[in-house]
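Peer 1: So the sequences go chain by chain: A and B. Heads up, the first sequence is in our numbering, so the first residue is 1 and it goes up one at a time. Heads up, the second sequence is in our numbering, so the first residue is 1 and it goes up one at a time.
Since the hints were derived computationally from the structure, they do not count as laboratory data. Given the structure is predicted, the values throughout are model-derived calculations rather than measurements. The beta carbon of each residue, even a glycine, is placed where N, CA and C say it ideally should be. Be aware that one or more of the hints could be misleading.
DSBU-like cross-link-like pairs, simulated, lysine-lysine; straight-line CA separation at most 30 Å [what the hints assert, rightly or not]:
no.: 1; chain 1: A; residue 1: K54; chain 2: A; residue 2: K119
no.: 2; chain 1: A; residue 1: K121; chain 2: A; residue 2: K34
no.: 3; chain 1: A; residue 1: K162; chain 2: B; residue 2: K75
no.: 4; chain 1: A; residue 1: K187; chain 2: B; residue 2: K96
Covered stretches of chain A (in silico footprint by chain B; criterion: 3 or more residues with CB under 8 Å from a CB of chain B, positions within the stretch not fixed) [what the hints assert, rightly or not]:
no.: 5; region: 28-42
no.: 6; region: 136-146
no.: 7; region: 154-168
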Amino acid sequence: MVKYIIVTLSFLIIVSYSNDILAQEKYEKESRIKQSDVPPNAFKFIDSLSLKNKVKWYLEEGIERKSVEAKFIRNGKRHSVEFDTLGTIEDVEIEMEWEDIQASTKNSISTSLKEDCEKYKIIKTQIQYTGNQSSLLLKLLSGQPTEILTVKYEIKVRCRSKKNTDLFEYLFTDKGQLILASRILFKSSNHLEY
Amino acid sequence: MLLEYYLNPVIILNINKLHHVLFIVYILFINCASSQSTYKFGMLPSINLNSKLENDWSLNTKVESRQLLQTGVFKGNTEKEFDYLLTDLSMIAAKKVGLNSRVTGGYLIRFEKEKLFHRFIQQYTMVQRLEAFRLAHRFSSDQTFSSEENPSFRLRYRITSEVALNGASVDPGEFYFKFNNEYLNAWQDSVYDLEIRLVPLLGYNLINNNKIEMGLDYRINSFLNNNTEHSFWMNLNWFIEL
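For reference, chain A alone in the conformation it holds in the complex:
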């Protein structure tokens, strides 16, 4: 009798197991801010880049934190520089092509994605640099690799699992090891569809 119960319970647990990705949900509210509302240190950092294109400043509010972000295009690539509300730089993200990632890293990332998704499509790839302010400034000004920066890859992926299709944001190390996966929550579109 006990064996029967154990087998039945085991069967129910296995059957109810789903292939759902264990991911956080990403929620962010973004609003445009005026240059005059930007923390002075953040403005000074961006100003020192002597950018030709317009810089757009945003306040990003997540569930637990706020940050200030500068977005601009430089050398034909979209850049995003994130600061905390005091103006201390947090990271630099530059959009890039998936094909430009080193092969071994790409393979490692693909293996991770295949574990979560039956079928997937890379929507957007960004390289993320974190480190001290002067190293990040040097990276932005010269584009030269600096060994003291931490490199990560942020990938936006359309992922089809057994149950449904969702959009996820993955963060990987420079070697392609998974750090974090977040499911992107879409804003309501009923007013566009009906």
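Given the coordinates of chain A, work out where chain B should sit on it, guided by the hints.
Peer 2: Chain B only, in chain A's frame:
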């Protein structure tokens, strides 16, 4: 996937330029009203309730009424008289079939004076989430039956753009601009007509993610047989997420 590939050229068109072009078309249509064209002006308020169900299903219910305030002929006589024209009540079931797309089917009942109309609706929508705005494509067909008139059949396509007026996306407590452009092909008694609708709207995303919109719904039809009819409806829409 094929549809998304086909619609790629739309992505390339800068949304600001698209809005400028559509506004110019909007003004031209209004200005080209000939002296023989008739027009109607009135109100078109609606309440739209949407509720999410299990397994990517959702239910949408809408109540819309139409009230006439003025009719006339351009550069001719006008008649100002309030007339309550009709009330539409619709219920649509929708199923998410991809990351950005939905298939829907539903029913609408129209109470128009002493007449009752029954309409069956089928729809496919796709929302493109682009860098600074969203585009929605809606393909639909409907069949309308009544004991008073012969059945009518329509095939429709609507493109909608939404641009946040603060930031890259529309968050609670923010305004947005929405523009609908729709083409309706209609058949009744083997007679074909084309109606074009241009609807610019200013919207506000309330704190609880419900939305209110206001704008002018401009419609032109019967221009293919030189009997152009223009109508202008003040839209006031309230979208409620249950």
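Peer 1: Please go over all the hints and tell whether each is borne out by the structure.
Peer 2: Hint-by-hint comparison with the structure:
{"no.": "1", "hint": "A:K54 / A:K119", "in the structure": "violated (38 Å)"}
{"no.": "2", "hint": "A:K121 / A:K34", "in the structure": "violated (36 Å)"}
{"no.": "3", "hint": "A:K162 / B:K75", "in the structure": "violated (63 Å)"}
{"no.": "4", "hint": "A:K187 / B:K96", "in the structure": "holds (15 Å)"}
{"no.": "5", "hint": "28-42", "in the structure": "holds (count 4)"}
{"no.": "6", "hint": "136-146", "in the structure": "violated (count 0)"}
{"no.": "7", "hint": "154-168", "in the structure": "holds (count 5)"}
Taken one by one, the earlier hints fail for this structure at numbers 1, 2, 3 and 6, listed in ascending order.
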